[in-house]
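Trainee: Sequence:
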Amino acid sequence: MKCYEAVWEIFNECANNQMRDVFFEEIETDDIEDWLHRKFKGKELTFERSVLADGTILYDIDASGIKQRYSFTEI
423 MKCYEAVWEI
433 FNECANNQMR
443 DVFFEEIETD
453 DIEDWLHRKF
463 KGKELTFERS
473 VLADGTILYD
483 IDASGIKQRY
493 SFTEI
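So for the sequence shown, the working numbering puts the first residue at 423; every next one is plus one.
It should be emphasised that the hints constitute simulated quantities derived from the structure, not laboratory data. Note that CB positions come from ideal geometry on N, CA and C, so glycine has one too. Where hints are given, some of them may not hold.
Stated by the list, open to error - BS3-like cross-link-like pairs, simulated, lysine-lysine; straight-line CA separation at most 27 Å:
1) K489 / K461
2) K424 / K465
3) K461 / K424
4) K463 / K424
What the hints assert, rightly or not - DEER-style ranges, computed between Cβ atoms:
5) C436 / A475: 11 to 21 Å
6) K489 / K463: 28 to 38 Å
7) D456 / I497: 16 to 26 Å
8) D484 / D456: 13 to 23 Å
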């Protein structure tokens with residue numbers, strides 16, 4: 423299994439509030455997309471995947487209308 427530092431950002435869509443919730447954790451998985459589906463079980467989930475030049479894997483997520491982002495950096 424690979425080990426990743428995962429950064430989870432939940433974007434605040436409230437007017438006049440530009441802050442976002444940010445959470446950090448270490449996860450172990452061989453399949454990030456399966457891990458995301460289990461994380462958001464019961465939610466309507468769509469996402470777009472991109473990979474940065476440094477190897478960080480980004481997922482821009484819509485989970486039942488809530489905009490979020492997960493970034494995974496292998497450690």
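Trainee: All hints are to be evaluated individually against the structure, with a verdict given for each.
Mentor: Now the hints, each set against the structure:
1. K489 / K461: holds, 15 Å
2. K424 / K465: holds, 26 Å
3. K461 / K424: holds, 17 Å
4. K463 / K424: OK: K463 and K424 at ~22 Å, within 27 Å.
5. C436 / A475: 11 to 21 Å: violated, 33 Å
6. K489 / K463: 28 to 38 Å: Violated, since K489 and K463 (Cβ atoms, about 19 Å apart) do not stay within the stated range.
7. D456 / I497: 16 to 26 Å: Hint holds: Cβ distance 19 Å, inside 16 to 26 Å.
8. D484 / D456: 13 to 23 Å: Distance hint for D484, D456 holds at roughly 18 Å.
In summary, the structure is inconsistent with hints 5 and 6 from the numbered list given earlier, while agreeing with the others.
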